[in-house]
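Chains as they are written, first to last, in our numbering: chain A, 79 to 400; chain B, 121 to 367.
Hints listed in this document are in silico derivations from the structure and should not be mistaken for laboratory results.
Mixed in with the good hints, there may be bad ones.
Pairs of lysine to aspartate or glutamate, DMTMM-like flavour, derived with a Cα cap of 25 angstroms [unchecked claim]:
{"hint": "1", "chain 1": "B", "residue 1": "K200", "chain 2": "A", "residue 2": "D298"}
{"hint": "2", "chain 1": "B", "residue 1": "K200", "chain 2": "A", "residue 2": "E128"}
{"hint": "3", "chain 1": "A", "residue 1": "K234", "chain 2": "B", "residue 2": "E270"}
{"hint": "4", "chain 1": "A", "residue 1": "K178", "chain 2": "B", "residue 2": "E226"}
{"hint": "5", "chain 1": "B", "residue 1": "K238", "chain 2": "A", "residue 2": "E128"}
{"hint": "6", "chain 1": "A", "residue 1": "K98", "chain 2": "B", "residue 2": "D227"}
{"hint": "7", "chain 1": "A", "residue 1": "K98", "chain 2": "B", "residue 2": "E248"}
{"hint": "8", "chain 1": "A", "residue 1": "K178", "chain 2": "B", "residue 2": "E235"}
{"hint": "9", "chain 1": "A", "residue 1": "K337", "chain 2": "A", "residue 2": "E349"}
{"hint": "10", "chain 1": "A", "residue 1": "K98", "chain 2": "B", "residue 2": "E226"}
{"hint": "11", "chain 1": "A", "residue 1": "K178", "chain 2": "B", "residue 2": "E211"}
{"hint": "12", "chain 1": "A", "residue 1": "K153", "chain 2": "B", "residue 2": "E242"}
{"hint": "13", "chain 1": "A", "residue 1": "K178", "chain 2": "B", "residue 2": "D227"}
{"hint": "14", "chain 1": "B", "residue 1": "K264", "chain 2": "A", "residue 2": "E236"}
{"hint": "15", "chain 1": "A", "residue 1": "K98", "chain 2": "B", "residue 2": "E270"}
{"hint": "16", "chain 1": "B", "residue 1": "K238", "chain 2": "B", "residue 2": "E248"}
{"hint": "17", "chain 1": "B", "residue 1": "K238", "chain 2": "A", "residue 2": "D175"}
{"hint": "18", "chain 1": "B", "residue 1": "K238", "chain 2": "A", "residue 2": "D173"}
{"hint": "19", "chain 1": "B", "residue 1": "K200", "chain 2": "A", "residue 2": "E222"}
{"hint": "20", "chain 1": "A", "residue 1": "K153", "chain 2": "B", "residue 2": "E235"}
{"hint": "21", "chain 1": "A", "residue 1": "K364", "chain 2": "A", "residue 2": "D298"}
{"hint": "22", "chain 1": "B", "residue 1": "K200", "chain 2": "A", "residue 2": "E225"}
{"hint": "23", "chain 1": "B", "residue 1": "K238", "chain 2": "A", "residue 2": "E333"}
{"hint": "24", "chain 1": "A", "residue 1": "K157", "chain 2": "B", "residue 2": "E270"}
{"hint": "25", "chain 1": "A", "residue 1": "K153", "chain 2": "B", "residue 2": "E245"}
{"hint": "26", "chain 1": "B", "residue 1": "K238", "chain 2": "A", "residue 2": "D298"}
Residue-level listing of the chains:
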Amino acid sequence: MTTSFNASSSLAPGTWIEGKWHHHRYLVERLLGRGANGAVYLVRRGRGTELAALKIGYDAVDLQSEINVLTTLAKHQNKSDRRMRNSASRPFLLDVDDYKLGQMDMQFYVMRYVEGVTLHQYMEKNGPEWMGLIGYRLLQKLVELHEAGYVFGDLKPENIMVSSYGQVELVDYGGVSRIGRSVKQFTERYDRGYWNAGSRAADPGYDLFAFAVLWLHVMDGARLRRQGPDQLPQVRSANDLINLAHTHIRLKSYESWFKRAISGQFASSHEACSEWKQAAIRSGSKISSPPIRRHTPGWLKGIFVASIILLGSTLYIILQSN
Amino acid sequence: MKQILLITDGCSNVGVSPIVAAAHAREEGITVNVVGVVDQGAIGELGAAEIAQIAKAGGGMDRIVQPHQLSQTIQMMTRKTVVQTIHQVVERELRQILHTDATHIEDLPPQQRSEVVKVMDELTETSELQVALLIDASASMKPKLQAVEEAIRDLMLSLQARQGKSEIAVFHFPGRASDETVMDLDWTQDLSGVGSLFRRMQMRGATPTGPAIYKVIEFIQYDRMVGSDPGFRNQSETDGMLGDYVV
Numbered sequence: 079m080t081t082s083f084n085a086s087s088s089l090a091p092g093t094w095i096e097g098k099w100h101h102h103r104y105l106v107e108r109l110l111g112r113g114a115n116g117a118v119y120l121v122r123r124g125r126g127t128e129l130a131a132l133k134i135g136y137d138a139v140d141l142q143s144e145i146n147v148l149t150t151l152a153k154h155q156n157k158s159d160r161r162m163r164n165s166a167s168r169p170f171l172l173d174v175d176d177y178k179l180g181q182m183d184m185q186f187y188v189m190r191y192v193e194g195v196t197l198h199q200y201m202e203k204n205g206p207e208w209m210g211l212i213g214y215r216l217l218q219k220l221v222e223l224h225e226a227g228y229v230f231g232d233l234k235p236e237n238i239m240v241s242s243y244g245q246v247e248l249v250d251y252g253g254v255s256r257i258g259r260s261v262k263q264f265t266e267r268y269d270r271g272y273w274n275a276g277s278r279a280a281d282p283g284y285d286l287f288a289f290a291v292l293w294l295h296v297m298d299g300a301r302l303r304r305q306g307p308d309q310l311p312q313v314r315s316a317n318d319l320i321n322l323a324h325t326h327i328r329l330k331s332y333e334s335w336f337k338r339a340i341s342g343q344f345a346s347s348h349e350a351c352s353e354w355k356q357a358a359i360r361s362g363s364k365i366s367s368p369p370i371r372r373h374t375p376g377w378l379k380g381i382f383v384a385s386i387i388l389l390g391s392t393l394y395i396i397l398q399s400n
Numbered sequence: 121m122k123q124i125l126l127i128t129d130g131c132s133n134v135g136v137s138p139i140v141a142a143a144h145a146r147e148e149g150i151t152v153n154v155v156g157v158v159d160q161g162a163i164g165e166l167g168a169a170e171i172a173q174i175a176k177a178g179g180g181m182d183r184i185v186q187p188h189q190l191s192q193t194i195q196m197m198t199r200k201t202v203v204q205t206i207h208q209v210v211e212r213e214l215r216q217i218l219h220t221d222a223t224h225i226e227d228l229p230p231q232q233r234s235e236v237v238k239v240m241d242e243l244t245e246t247s248e249l250q251v252a253l254l255i256d257a258s259a260s261m262k263p264k265l266q267a268v269e270e271a272i273r274d275l276m277l278s279l280q281a282r283q284g285k286s287e288i289a290v291f292h293f294p295g296r297a298s299d300e301t302v303m304d305l306d307w308t309q310d311l312s313g314v315g316s317l318f319r320r321m322q323m324r325g326a327t328p329t330g331p332a333i334y335k336v337i338e339f340i341q342y343d344r345m346v347g348s349d350p351g352f353r354n355q356s357e358t359d360g361m362l363g364d365y366v367v
C-alpha cells in the first residue's frame, strides 16, 4: 500500500538516482538531514558540479502533499517577483520524480541547496547582536508565506538556515499548512497550544507565537526550560513567556513586540514585521545597550599599579637630579 | 471515521481475547490503535506481542512509549489513521473509476497524483472523526494516569483545530466489577470545562481488555452502554461532565 522507506536506511554516497518520468540523474554526495516526511540528501545534478538538495519521501502521499504546497508557493512567488524586482528569485522546486529502488518506487523532489548553519549555531558564533536583522529577514519570509495563504507551522531553530551576514532561509516545508486548517506538524516547545495560549488552527498568529518563543529559546534557553517542561501543564502560561521577555536585558527594546506576538494581538504579520524592524533599529541606535563587560585580570591591575609607581619614582629621580 | 485508541501497560488476563475483539471492531469499520506505556521497566515480551497483535487485528498501529511521549504519539497515530483510512477509500474508488487492478496512488503519473492527493488532504481535514479512548486502569497504570489525562486533553486541542467535526469519548476498565467498563466522558468536542477525568477511578488488578473493547464497539454502534450501570443513561444533562455518574 504505502511505500514505507525504512527510516534508518540511507543511500550511500556515490549512488546515482535516476528519475522514472523525467530521466534526470543525480549523484548522492551525503545525507543532509531528516525531516518528518523524508530524508534530504546533498546531490550533484548530472555530470555538472551544480549542487542541489534532494528529498526522498517516507510516504508517497505525505511527500506529494508537501510538493503541492511548494508548487503553489512557487506560483505565488513568480507573481510577487514580477512585482518587486529586488526579491531574489529562488525556485523552490527543480524537479519532481520517482526513483525505483529494488521493488519499491520512491518519490522524491529536488530543490535548491541552501548553504548555511542552523540559527543556534550562527547566533553562538556571531553573537546576539544579529537578532534584530535575522529576525527581520525571517519575518519577511513568514509574511511572504502568509500572503500566499499558508503558515509555516513547525518553526524551530533547526528549520532556519543562516548564511553570511545573516541571510535567512526556511527549510523543511513539511509542516506548512493552509490558513484556516489545522497545523500539520509542530514542536511542543514552540506550540501555542502547549503554552495554553490558543488553538492549533493555522493562522498567521500561530507562526508569530512560535517566532517569539524561538527567540526566547535562542537568547535565554535555560530560563525557558524552567518555564516549560519543568512545569505542570495547567500552570504553563503565556504570561510566563511575556515575563521572560520583560526581564531579559537584550530583549528590552522588543518587550512590547513579544507581548503582542505571544498574546496574539498583531492584526497582521505585515504589522508585526514592520514593528520588529522599528524595534531592531531603535535597539541598534542606542548606546545604552548592555555594555560588554570585560573583566580586568588581576595581573593587569598589578602591572598598572607597578607602572604608576615606576613613573612616580622616575619623575622623582629626574626632579631630584635637577 | 471511527477509531478506538487503547492505552495499556500489559497483558489482558480476563475474558475474551482482545485480538478477537479488535478484529471484530475492524469488521465494524472501527480502526483500533494501541499504545503501550512503560515507566522504567520493559513491557515484557508477552505484553508487547499482544499489543502488536491487537493493533494488527484492528487495522491500526502500535507503539510502546514513555509517559512523556504519550501526547505526541497518540496525535500522530490518530492523524495517520485518518490519512490511511482515506487512502484506502480513495484507492478503492480509483479502482472502480479506472477499472484497473494496479491503482496505488504511487503508480499514478505525477500530475494525476498531485490532484488525487489534493482531494485526500481535503478529506483528511474535513471528514467527521470519532475517537474512543480506552484506558487500562489496572493497578500498575496508576502512576501513568496523569500523563494519560494530559495526552487526552492535548489530543482534543489538536482535533479542535480540524475543520471537520471531531469528537472523543473516554472509557476505563475495569470498574467496580471486574468485567465492567466505565465511561468517563461521553462524546464531546471540547474538554476545556471538564474537570479531572479519572477522579473516581478505583485501581484493580484484573485486565479484561477484550471485553472492554467489545463494550466500546457496542457503545459506538448504539451510542449507549448496554447492560452496564443504569447511571450511564443520564449523561445528556451533564453535558459531558462526568464524575456524577461514574461509580
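These are the hints, each one checked on the structure:
no.	hint	verdict
1	K200(B) <-> D298(A)	violated (35 angstroms)
2	K200(B) <-> E128(A)	violated (37 angstroms)
3	K234(A) <-> E270(B)	holds (23 angstroms)
4	K178(A) <-> E226(B)	holds (11 angstroms)
5	K238(B) <-> E128(A)	violated (32 angstroms)
6	K98(A) <-> D227(B)	holds (11 angstroms)
7	K98(A) <-> E248(B)	violated (37 angstroms)
8	K178(A) <-> E235(B)	holds (22 angstroms)
9	K337(A) <-> E349(A)	holds (14 angstroms)
10	K98(A) <-> E226(B)	holds (12 angstroms)
11	K178(A) <-> E211(B)	holds (21 angstroms)
12	K153(A) <-> E242(B)	holds (20 angstroms)
13	K178(A) <-> D227(B)	holds (12 angstroms)
14	K264(B) <-> E236(A)	violated (31 angstroms)
15	K98(A) <-> E270(B)	violated (46 angstroms)
16	K238(B) <-> E248(B)	holds (18 angstroms)
17	K238(B) <-> D175(A)	holds (17 angstroms)
18	K238(B) <-> D173(A)	holds (19 angstroms)
19	K200(B) <-> E222(A)	violated (30 angstroms)
20	K153(A) <-> E235(B)	holds (16 angstroms)
21	K364(A) <-> D298(A)	holds (22 angstroms)
22	K200(B) <-> E225(A)	violated (29 angstroms)
23	K238(B) <-> E333(A)	violated (41 angstroms)
24	K157(A) <-> E270(B)	violated (45 angstroms)
25	K153(A) <-> E245(B)	holds (24 angstroms)
26	K238(B) <-> D298(A)	violated (41 angstroms)
The structure fails hints 1, 2, 5, 7, 14, 15, 19, 22, 23, 24 and 26 (numbered hints given earlier, in ascending order).
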